[in-house]
Structure formats: structure tokens, C-alpha cells
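A.B. asks: Assemble chain B onto chain A, guided by the hints.
What follows is each chain in one-letter form.
Number of protein chains: 2
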Amino acid sequence: MKASLYHFKTLRDTPSDTELISHKLMIKANMIKPIASGIYSWLPLGTLILKKVENIIREELNNGNCLEIIMPLVQPKDLWDQSGRSKEYGPELLGFKDRNQRDFYLGPTHEEIITDIAKKEITSPKDLPKTFYQIKDKFRDEIRPRFGVMRAREFLMKDAYSFDIDENSMHETYSNMKKVYQKIFDRIGLDYRIVSADSGSIGGDKSEEFHVLADSGEDTLAFSDKSDFAINIELLDEKDPKKISGMSSPDGNGKLNLKKGIEVGHIFELGTKYSKAMGLTVQKDNVLKDIFMGCYGIGVSRIIAAAIEQNFDDDGILFPESISPFKYYIVLINQKGNQNINSEAERLYSELKENNIEVFFDDRDLNPGVKFRDANLMGVPYQLVIGEKTSRDRSVELIKRKNQQKEIIKINEIVNKFKN
Amino acid sequence: MKASLYHFKTLRDTPSDTELISHKLMIKANMIKPIASGIYSWLPLGTLILKKVENIIREELNNGNCLEIIMPLVQPKDLWDQSGRSKEYGPELLGFKDRNQRDFYLGPTHEEIITDIAKKEITSPKDLPKTFYQIKDKFRDEIRPRFGVMRAREFLMKDAYSFDIDENSMHETYSNMKKVYQKIFDRIGLDYRIVSADSGSIGGDKSEEFHVLADSGEDTLAFSDKSDFAINIELLDEKDPKKISGMSSPDGNGKLNLKKGIEVGHIFELGTKYSKAMGLTVQKDNVLKDIFMGCYGIGVSRIIAAAIEQNFDDDGILFPESISPFKYYIVLINQKGNQNINSEAERLYSELKENNIEVFFDDRDLNPGVKFRDANLMGVPYQLVIGEKTSRDRSVELIKRKNQQKEIIKINEIVNKFKN
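The listed protein sequences correspond, in order, to chains A and B.
Each residue of the first sequence is one higher than the last, beginning at 1 in the working numbering.
Each residue of the second sequence is one higher than the last, beginning at 1001 in the working numbering.
Rather than coming from a laboratory, the hints here were simulated on the basis of the structure.
Each residue gets a CB set at the ideal place from its N, CA and C atoms; glycine is no exception.
You can trust all of the hints, since none of them are fake.
Covered, in the sense of this in silico footprint (three residues per stretch, anywhere, with C-beta under 8 angstroms from a C-beta of chain A), are these stretches of chain B:
1. 1063–1070
2. 1118–1132
What follows is a list of derived Cβ distance ranges for each label pair:
3. K242(A) <-> E1088(B): 57 to 65 angstroms
4. E351(A) <-> N1055(B): 24 to 32 angstroms
5. S1350(B) <-> S175(A): 20 to 28 angstroms
6. S1004(B) <-> G279(A): 25 to 33 angstroms
7. K1289(B) <-> E388(A): 32 to 40 angstroms
8. S175(A) <-> S1196(B): 58 to 66 angstroms
9. R193(A) <-> R1012(B): 48 to 56 angstroms
Bound conformation, chain A alone:
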């Protein structure tokens, strides 16, 4: 992508009303734009990153035999009356009437809709096990939206729902989904931990959260130094981090250490909570059985904020390659009037593009300092610098964004080198 055809207008000043570094950097790098409290538009750079995260999630879920569907954001209240959650869910559930005075909610989650679908679709034990998922906007009317897309009201979520004939099969499905989640977060390249968690308003007997570790995380996680014990401290009787740190681990092995985390995924064994409430059953050996469900969420837009909280420096973002908007950022030094620099750069750009190597070509007529500032802010892992000398030698300087390591490479060797 060429800068001249793109829309990449960074802010020079740091926005004042941002507490979190990810919020600040996403606004500065022109990824998102606030429209109302907790409601954002995603500009081209942010959208590109969001689609990358979305695609990784979709591919791994498809590989795990999960089936993509799309459910409506606008949900009839009567389904929520059936599950009992119209009374339980609280004021984050935004309700309204349509022009015919029928009651609807904006979906904060989709257990009711999927259970209703499953009642029509699952008619025999042969239909089980089955897992459906969607990647779809949700709306939660947060009392105090903040931290940018980390806690927005309208946000993109991946939610999956599994259906099994009995408890054992549900355990197996849950455990497979946990592996799919590990593949997703491994592939994105984030440092994360899985901890036992509270099931909250979703319900069910067992749940685990996936947390991206970051000092700015809102959650405090406790880990045993001797075992796999890992828990969100909201589950402990003692809630004061100062008292928990160094405490004996509840599993009897070792002592607890604390880390801060940002919740990016949450998986639940729902059991029969929704099937019992809404009458989702299947007949097996002449017996009507309640179907066992699981549900599995990933905060798609939130992952980007979490990735930034974990990967930044004084100059800006340090995206993991998997979700960086581009892999290479071409910077020209004093190219104005220098035919050689321009033609070498154009040639390099075309060749990289032809080979499907993702590259951003900063062809703006600005001083190099501005371009380096923007390149660093955007967080693209590699910069390709072409100036008078390098262009004369038909080479470029490759700078690794993270540690500023430099290397000179011949232009005609680049494509082969980068393709591997």
C-alpha cells in the first residue's frame, strides 16, 4: 500500500483523555476514532489489523471443525424471558421497542439465540457433538466505558457454542476448544496465561480465562511457584493482592505469585443451564436428555489493545508479525528530485507486492524524521530505508523495529530473502 493512496494521518500530540498506552497509541496512529462514549469507528489501519486477528481466529476454528454462522444483534426479549436472563443480566442489557411495540435487546451475548436455533436444528444424537461460532458485533451498555476499545460498548467478539450428548463428551469438546484457543494465541504471538475464573452472568460450573500478561491489566492472577495452579484472584476468599502474594497455594503445592492480566478469552462449561431453561433436549434410547453446552468467547477488538499493552516502547507500537498491518515499511531519504531513489523504491515496492509480501510504501514528500516517527509508531516489524548512497548501490538498509538492528541488503536479493 502506498501512503499517498492510503489514509494514515498520525496525531502529533498525545490525546489527553487516555489512561492506557494502547488507547493513546491507537488514537495517535489513527487506528480508531471515537464517535460517542464507548463507541468507535475503525479507520483503515485499525480495520486492517482487526481483519488479520479475525482471520487467524476463523482459520483455527475452522481447522478445529467449528462451523461459522451469523446470529442477529437484535434479539427478541421473549427468548431472554425463557432463559430468565432478562431479569438477571442487569443494565448492560440494552432494550428497546420496535415500531410495532415488540421488545428487543441489543445482543451482549448469544446463548439464548443459539439455544433456540439448536432446538430446531438438533433433532437426533447423530447431530452431536457440534460447535457453532460467529464473529460479530456485540453491544454492552457499560456504565463507564473507558480504555478505548479495551472496554467499549459496541465491540467485535468471537463467540462459539458447543452441544454434546452428555457431560463426558462436553468435557472433551471443552478440552479440544481450549487447545484451539492455545493455537490462536500462540499464532498471534502473545505472552498469555490460562487461569480458573468466575463464570459470572454467563453461568455454568467451570470456566477458564485467557489473559494477555501486561502491567496495565485490570485483573490480578495468582500462580503457584510449584504447580500448574493458576487462578483469577476474584475466585479466592482473600482479595487483597498484598496478602495473596506469597500465600500458600490452595492446591497445597508451593506459594502464590501474582501477575497482571488482560482477559482476551473466556471458555465455559455451561452444562444444562440453558437447555433446561429453554427445553433443548434430544431423544436417545427412548429417553429425553438435556443437551450439554459450552460457550467460548474471544474479544477480537480487545486483542489488539492487549497486544499493544504488551508490546510497545517509547516510539510506539511493536506489533507481533502475525497481526502487524504490514511486514515492511519503505522509508525514502531525501528522495525529492532524486530519480534514482524513486525508481529503485518503485521497483522494490512492485516486486514485493507481486510476491504477496505485505509492504507499506511511505511515498509522502516529508522529511525523513517524520516518516521514521510514523513508521515506529505504526509498529511494523521491519523498515526498508533507501537513500542516496544505498540507491546508488542498488541496496537498502533493513532496520528491525524492535532493536534497531541494521543490515544492508541488495535489492535484487530482497524478494528471495523475504519469501522464506
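C.D. replies: Here is chain B on its own, set in the frame of chain A:
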């Protein structure tokens, strides 16, 4: 995809409350599921097709230098007060209050939001021209939703918005976008026409609609038999089709013939309607100029219904290859207990998959009649039939869904043949 891992449960009976063939077939083929009046879920098969349409649109818009963004569905009412449309738009605009008693609408379209974004983002003539688009759910509170996804309340739309320094540049952008639209509909493979149209509640001076021709179309289109004159008859003074047919063409060339069409795209030259109302200007040569806008819609979910209205027979759907959920459908004849049929089929399936050829393997233990019925209903262009004799000869029967043309092919020649 194997049927045993998929969710493909066709209905044997024709749904009774469906007027249109596309609605009937989409329900029968288990693509969509009604949740409430005008509100649908998309099941795996429907979702797969929707994503194909979405990807074609995205690719062609990206090739046309349009930039993808994402705008919120939940929109503050005050922006609609600025444009004046909170009063004008009518009861399809669904409004509600959030928990803090602030007024919002569910977005039926996004001119207000994009104009607001442009006010912040376009600060110099150098930022022009620019076209942004999104592929995003919309909500229109139709008084009488019907025809399945053809006229739903929550539906998927691609909406693009262009910004230009003056009228001439707007004309050029509009004309380029029209070409991008032609590429999109050519690539999908639909028989469509472009006609002059009424700009309705979107506004502006000029608009054209893209119609998929189908006898069931709600719109009547008039074409001159001697010139390029083409118009939606709602623009003519005379509205009675019987009187229009054979009438002299208003451009003075030839007589008018009529066709029925389904609107799948609508492109508008908005001029300065929204920029004037909302103060979207840019300074050039020390003069503040109102920016010229265009807007460009495609009904993404509606395209699927329109494609079916144009392409079906007594047995079901005849999808154009571009948006068919799969390209090949493997049907086994009396495979139970026949090791040869099963192993040949598995081998064929694996090879096709390895070569990224999209194939559906109906491995269900059902009689062949049921499988052919489902294969015909799904509308996949080619069926690959393996029975006792063909499997012994290590070959398959290739049946073209559309005309039932048959051909015997050796299994070890298939991949090479299909890759081309």
C-alpha cells in the same frame, strides 16, 4: 468438507409462509433460520456463501483503491439532527435511549457518521479524493419485512462513501466506482442492468441502480430498444407498466421495453447535501470549499437471494460458480460395506482438498436418491458420483448440475483436470 462434520439438514417439505422461490430454497437448503419478523440467523451453508460474496466485493473495492473501515451500528441521534434526517428519515429509523438517557439510532445507513469522521480526517486538499467503505450490518425497521433476506430488518450491506474537492472530481470518482461495481457483478456472474433511479431518502442529484434481472423482481425497469436509455419506471410520470411498454423512449430513440429487476446496488452523487448540513469543508487557495460526496451501496445478503431468483430449476438452486458454497459434491452410491467405493472416495476427497479445490463429501449413510436431492438443492455446479462400477474402474461420473451432462473421468486425472 465432510457432511458428517458439517451441519446440512435440508427440509423435506416446502415452507408454507414463503412467497419467493429464493426464500423457500434458502430455508429448505438450511441456509437461514428466522428468529423474529425480518430477523434471521445464517446457518453454516448460508454463512459460507455470504462470506464468498463479501470477499469478492472486498477484493474489487480494494483493487479500486477504496479503504475499508468499520463504523458503529449504534449511532448518536445528534449527528442525525445535524443532517436533518432524524426528522426526515421516517419510522424505519429505530431509536432508543441508553442507560444514561442519551438518544441513539440503529444505523440504517452511515452518511452522518462518515461525514463526521471526514470532518476530523480531511484537513487538506491533499487528503482528496478518498473513498472509504465498510461491510457491516444495518438495521431498518421495515413495516412489513418479507421475502426472507431479500427484505430483512437486520441485513448485511457494503456501503462506500467518497470525498472530492469539486463536482468534476466527484463525477470521475462516481464513474470509477461504477466500473468497480460492474467488475463485482460480472465476477459474481449475474445477469444485471444499470438504470437511472430515484435518490429517495439518501438524497443527492443523480443516482443509478444495479438490478439483477428476474421475473420475481419488485422493480420494473424500462429500456429503449434503440439506445442505452435505461430507467427505473418510478422516475417516469407514467407509472403503469402496461402503458409504458411500447411507449416512445424519453430520449427520443426507439421504444421502451420492460424487464423486472431486483435492486442489489445503488450509487449516488450526493453533491454537498451532507457537507453543507454538517459543515464538512476544506480550505483551498484561501477559500473554504464544501466537499463533494458520493455514496455507494450493495446489499450483500440480498445478492444471494437475487442470485437464486435468477438461477434455479425444479430441483433447487443453480449457483454461479463464484459464490457456490463448494465446486464439487461427492455422492457415493450404495457404499455401505463396499470398501472399494469408500477408499476411492476418501482418496479423491483428500487429493481435491490438498489442491484447494472446494469439495463437499456427502459421506452420510443415506440412499442415493436423498443425496442427489440434497446435492441438487444445494446448487453446487458439479457432482462427482462414485458407485460400484466406477470405483472398480478407478473413475467417477462427473455430472453438471445445470444440464445433467455426464462424463466418466479417471480419478487420477481429476485433480489435474480440475486445477485448470
